[in-house]
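If you read the protein sequences in the order shown, they are chains H and V. Numbering-wise, the numbering used here puts 291 at position 41 of the first sequence, and it's gapless, one number per residue. Numbering-wise, the numbering used here puts 216 at position 57 of the second sequence, and it's gapless, one number per residue.
Any given hint could turn out to be false.
[Stated by the list, open to error] Far from chain H by the CB rule (all over 12 Å, computed), these chain V residues:
#: 1; residue: Gly162
#: 2; residue: Val178
#: 3; residue: Ser192
#: 4; residue: Arg214
#: 5; residue: Asn215
#: 6; residue: Ser224
#: 7; residue: Asn230
#: 8; residue: Thr239
#: 9; residue: Leu240
#: 10; residue: Gly243
#: 11; residue: Ser253
#: 12; residue: Thr260
#: 13; residue: Glu265
[Claimed, not checked] No more than 30 Å apart at the CA atoms, straight line, and that leaves these computed lysine-lysine pairs for DSBU-like:
#: 14; chain 1: V; residue 1: Lys172; chain 2: H; residue 2: Lys306
#: 15; chain 1: V; residue 1: Lys172; chain 2: H; residue 2: Lys321
#: 16; chain 1: H; residue 1: Lys292; chain 2: V; residue 2: Lys172
#: 17; chain 1: H; residue 1: Lys306; chain 2: H; residue 2: Lys321
What the hints contain is simulated information worked out from the structure, not anything from laboratory work. Glycine included, C-beta positions come from ideal geometry on N, C-alpha and C.
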Amino acid sequence: GESVGLHLPTLSVQEGDNSIINCAYSNSASDYFIWYKQESGKGPQFIIDIRSNMDKRQGQRVTVLLNKTVKHLSLQIAATQPGDSAVYFCAENRGAGTYKYIFGTGTRLKVLA
Amino acid sequence: KAGVTQTPRYLIKTRGQQVTLSCSPISGHRSVSWYQQTPGQGLQFLFEYFSETQRNKGNFPGRFSGRQFSNSRSEMNVSTLELGDSALYLCASSLATGGDTIYFGEGSWLTVV
Chain H
251 GESVGLHLPT LSVQEGDNSI INCAYSNSAS DYFIWYKQES GKGPQFIIDI RSNMDKRQGQ
311 RVTVLLNKTV KHLSLQIAAT QPGDSAVYFC AENRGAGTYK YIFGTGTRLK VLA
Chain V
160 KAGVTQTPRY LIKTRGQQVT LSCSPISGHR SVSWYQQTPG QGLQFLFEYF SETQRNKGNF
220 PGRFSGRQFS NSRSEMNVST LELGDSALYL CASSLATGGD TIYFGEGSWL TVV
């Protein structure tokens with residue numbers, strides 16, 4: 251299939267290094283955030299989420315940090331692997347009663363061998 | 160548990176035609192939402208359905224419509240296709256309440272010629 255997001259900002263990281271992908275969200279009322287990974291020709295895949303009553307959440311090799319003061323979200327990937335190469339999106343939701351997500355523009359992560 | 164299933168995966172249509180895309184949500188999920196993904200606009204919310212009712216709609220013209228059936232399966236329709244409708248159409252499902260994690264299917268690639 252085609253590749254979406256052909257002109258995305260790109261982060262190039264050496265294999266084994268840590269990656270940090272940033273996202274600025276738009277609405278201070280948003281209270282739920284998700285990071286997705288999208289590989290070429292596939293749909294977005296859930297990675298990790300965080301609610302606004304937290305400022306950090308950890309998963310397997312991934313950590314999400316939330317700074318509500320400056321409306322900023324980051325995704326940290328530890329020991330980046332070639333399989334991590336993909337486009338990463340953040341998404342924000344304004345909580346119960348709202349049913350749409352607002353997605354960031356995405357960042358392409360390239361892992362260099 | 161099977162994921163979100165979308166059909167068809169790829170299709171080519173001519174300007175002026177109409178198209179119907181289908182989505183089967185994850186078993187037990189009652190909310191289905193649709194997104195359009197293009198290189199220029201990223202992921203844009205189309206609409207969301209729950210219990211056969213549209214709860215929220217994005218900023219798309221009336222040529223874009225959808226529906227949900229009693230078994231939670233959903234379809235979206237685009238009439239009078241334009242070249243700019245060429246995109247990846249993604250379906251996502253969630254449990255229901257808003258502020259839930261949404262899980263995406265692999266998408267339907269639509270090319271309008």
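| Which of the numbered hints are not met once you compare them with the structure shown? | 1, 3, 4, 5, 11, 12, 13, 14 and 15
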